[in-house]
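Same order as they appear, the protein sequences are chains L and E.
Counted from 1, the first sequence has number 189 at position 189 by my numbering; the numbering is strictly sequential.
Counted from 1, the second sequence has number 168 at position 168 by my numbering; the numbering is strictly sequential.
Hints were generated in silico from the structure; no laboratory data involved.
Mixed in with the good hints there might be a few duds.
Claimed, not checked - Heads up, simulated BS3-like pairs for lysine-lysine below, C-alpha to C-alpha not over 27 angstroms straight-line:
#1 E/Lys251 <-> E/Lys188
#2 E/Lys305 <-> L/Lys194
#3 L/Lys117 <-> E/Lys188
#4 E/Lys151 <-> L/Lys194
#5 L/Lys188 <-> E/Lys117
Number of protein chains: 2
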Amino acid sequence: MKLAIDIMGGDNAPIAILDGVRLALENPAFDGSLQLYGDAKVIEQYFDTHKISKSRCTIHPTTQIIGFDEHPTAAIRAKKDSSIVRAIRAVAEGEADCVVSAGSTGALLTGATLIIKRQAGVLRPALSSMLPTMAGGRVLLLDCGANADSKPEYIAQFARMGHAYMRQFCHIESPKVALLSNGTEAEKGSELIKAAHELLKADTLLNFQGNTEARDLLAGHADVIVADGFSGNIALKASEGAAAGVMGLLKTALSSSLRAKLGAALAMPALRGMKRSMDYTEYGGGALLGVRGGVLKVHGSAQGKTFAYAILQAVELCRSGVVGAIGELLRGHAD
Amino acid sequence: MKLAIDIMGGDNAPIAILDGVRLALENPAFDGSLQLYGDAKVIEQYFDTHKISKSRCTIHPTTQIIGFDEHPTAAIRAKKDSSIVRAIRAVAEGEADCVVSAGSTGALLTGATLIIKRQAGVLRPALSSMLPTMAGGRVLLLDCGANADSKPEYIAQFARMGHAYMRQFCHIESPKVALLSNGTEAEKGSELIKAAHELLKADTLLNFQGNTEARDLLAGHADVIVADGFSGNIALKASEGAAAGVMGLLKTALSSSLRAKLGAALAMPALRGMKRSMDYTEYGGGALLGVRGGVLKVHGSAQGKTFAYAILQAVELCRSGVVGAIGELLRGHAD
Chain L
1 MKLAIDIMGG
11 DNAPIAILDG
21 VRLALENPAF
31 DGSLQLYGDA
41 KVIEQYFDTH
51 KISKSRCTIH
61 PTTQIIGFDE
71 HPTAAIRAKK
81 DSSIVRAIRA
91 VAEGEADCVV
101 SAGSTGALLT
111 GATLIIKRQA
121 GVLRPALSSM
131 LPTMAGGRVL
141 LLDCGANADS
151 KPEYIAQFAR
161 MGHAYMRQFC
171 HIESPKVALL
181 SNGTEAEKGS
191 ELIKAAHELL
201 KADTLLNFQG
211 NTEARDLLAG
221 HADVIVADGF
231 SGNIALKASE
241 GAAAGVMGLL
251 KTALSSSLRA
261 KLGAALAMPA
271 LRGMKRSMDY
281 TEYGGGALLG
291 VRGGVLKVHG
301 SAQGKTFAYA
311 ILQAVELCRS
321 GVVGAIGELL
331 RGHAD
Chain E
1 MKLAIDIMGG
11 DNAPIAILDG
21 VRLALENPAF
31 DGSLQLYGDA
41 KVIEQYFDTH
51 KISKSRCTIH
61 PTTQIIGFDE
71 HPTAAIRAKK
81 DSSIVRAIRA
91 VAEGEADCVV
101 SAGSTGALLT
111 GATLIIKRQA
121 GVLRPALSSM
131 LPTMAGGRVL
141 LLDCGANADS
151 KPEYIAQFAR
161 MGHAYMRQFC
171 HIESPKVALL
181 SNGTEAEKGS
191 ELIKAAHELL
201 KADTLLNFQG
211 NTEARDLLAG
221 HADVIVADGF
231 SGNIALKASE
241 GAAAGVMGLL
251 KTALSSSLRA
261 KLGAALAMPA
271 LRGMKRSMDY
281 TEYGGGALLG
291 VRGGVLKVHG
301 SAQGKTFAYA
311 ILQAVELCRS
321 GVVGAIGELL
331 RGHAD
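Required output: the full structure, derived from the provided sequences and hints.
Spelled out as structure tokens, the structure:
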């Protein structure tokens with residue numbers, strides 16, 4: 001499996017990304033090869049300092065970087081020698097199976113759509129995110145924000161993409177699909193969501209469970225939760241924010257007195273287990289579904305460990321045949 | 001202050017609601033009078049059993065109940081003698097200053113809009129929710145779901161309503177207003193949100209701070225977060241769900257071993273303080289803004305303590321003059 005890595009993308013790039021590369025190479029489970037796009041001098045120096053073998057890596061020097069604040073389409077067009085564009089191009093040209101980037105979401109999504117291009121029949125690619133559920137399982141949420149404005153037909157396709165993903169990647173025979181709405185009843189929702197509900201209900205391929213409220217996003221009732229890109233983004237970030245906020249309050253509370261500190265020390269193994277069970281980092285990145293190749297978006301704030309997981313996840317993504325399965329399910333679907 | 005109480009609405013009605021009434025009457029801070037709409041026999045019996053004086057209450061017998069699964073408009077029209085419709089009517093007819101109900105949100109919003117009616121200039125009423133922030137303050141989120149489909153002009157009005165609310169109710173001279181979107185940059189968002197952004201930016205009355213992401217909903221950067229009703233509902237419920245989920249995991253972790261239990265016992269005072277700081281129950285209910293009277297929606301799952309807080313909040317709502325201030329700010333605004 002050949003992966004194209006954007007070394008320069010992310011809040012902590014390039015060092016955190018290179019740390020991720022190193023951790024992946026050290027992991028016995030990883031047997032792929034890596035194409036590293038970025039500042040060749042920095043990469044060479046990192047490899048020398050850490051005494052890492054370059055046998056499974058090729059370095060592709062690039063001279064430009066696309067920042068988080070740049071307009072995606074303009075930046076993609078202007079900065080053809082940026083690490084992210086070059087890595088995307090590697091997938092488009094068949095040099096790599098999957099691009100992995102912690103850079104600008106907009107640039108990655110726009111670049112992938114413009115350069116790798118949509119699969120036949122796909123109206124709009126969707127950004128997915130695999131989340132840990134409170135029940136100890138996982139749920140795929142999509143679209144998490146590739147499309148600020150969705151149409152019912154897009155959402156119907158997102159559901160099929162999610163279905164294919166959970167079948168191929170998680171081996172769930174008939175994944176339960178739910179639609180994110182402001183109420184569980186079929187008649188609840190915006191005009192967009194009500195129209196999408198009708199399309200999902202009519203799609204006999206899907207194991208459609210009806211609407212779900214955002215309150216149950218992580219409850220584990222469904223395998224796939226499908227949403228318009230705007231609401232999906234709101235739901236994902238509101239959950240992340242609230243969970244992080246509660247953990248922050250917990251940390252403050254447990255260091256607020258000597259007694260609390262003693263209690264925390266005793267409870268630490270249990271608290272660590274809890275933290276692990278809700279750890280987003282092990283889920284690495286979110287796959288962009290509906291394009292002709294693998295595209296994995298890693299959280300901008302990713303450190304080495306998270307990026308290394310994303311590299312392993314990218315290998316799984318390619319191996320599982322998700323892209324091919326989506327191609328089969330959507331070819332002719334839009335007609 | 002005269003409040004119309006829907007005794008029959010809510011998952012735990014009528015007993016939890018009557019518990020709330022009793023707790024409010026026992027609270028020295030409460031000096032209003034209560035009109036109780038519901039099954040007279042049940043109410044009388046509760047008062048007898050608990051030996052509560054009826055001096056500040058009047059009982060208004062009703063014969064019907066609107067359930068959570070009924071279609072709001074149809075139910076409002078068909079069940080004219082339901083506790084919720086009668087309580088709403090009391091406000092419409094000037095018999096009461098505010099209706100307080102834990103019943104069907106749809107029925108309360110539809111009933112209030114149809115019977116109490118919108119204030120002059122108001123395009124659409126909005127459901128607000130006061131949330132505790134991680135910084136220890138509070139933030140008003142609206143619309144939380146009164147409108148499944150919004151227009152930019154509605155959102156612009158929601159912002160003015162939120163501005164008036166935070167000025168009157170929380171005495172903040174120039175409340176910071178932010179718009180919920182999928183990115184902080186002005187050009188981020190759906191077409192709806194981008195158009196709303198322009199209107200908010202142009203409104204010189206507002207202290208508009210630009211967009212905020214759902215991740216920062218509870219961060220305490222803004223006093224008012226304004227959203228289209230669908231996204232606002234998603235953001236609110238996703239936050240509630242994630243926070244409840246983390247608290248559930250914490251509880252499980254802290255009872256997973258003898259050692260964890262000991263630690264929890266030591267840390268309990270600190271943990272209780274933390275729980276209190278994120279306690280939604282003290283915030284009672286969400287006010288419906290933009291109608292000609294006070295309307296307070298209490299969480300369907302409310303127990304007595306929460307309902308009692310909501311009764312106190314209803315008094316504050318009337319006393320603060322929020323309704324009048326909204327009337328002043330929106331008269332002629334829609335033209």
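Tested hints:
{"no.": "1", "hint": "E/Lys251 <-> E/Lys188", "verdict": "38 angstroms, violated"}
{"no.": "2", "hint": "E/Lys305 <-> L/Lys194", "verdict": "37 angstroms, violated"}
{"no.": "3", "hint": "L/Lys117 <-> E/Lys188", "verdict": "23 angstroms, holds"}
{"no.": "4", "hint": "E/Lys151 <-> L/Lys194", "verdict": "17 angstroms, holds"}
{"no.": "5", "hint": "L/Lys188 <-> E/Lys117", "verdict": "23 angstroms, holds"}
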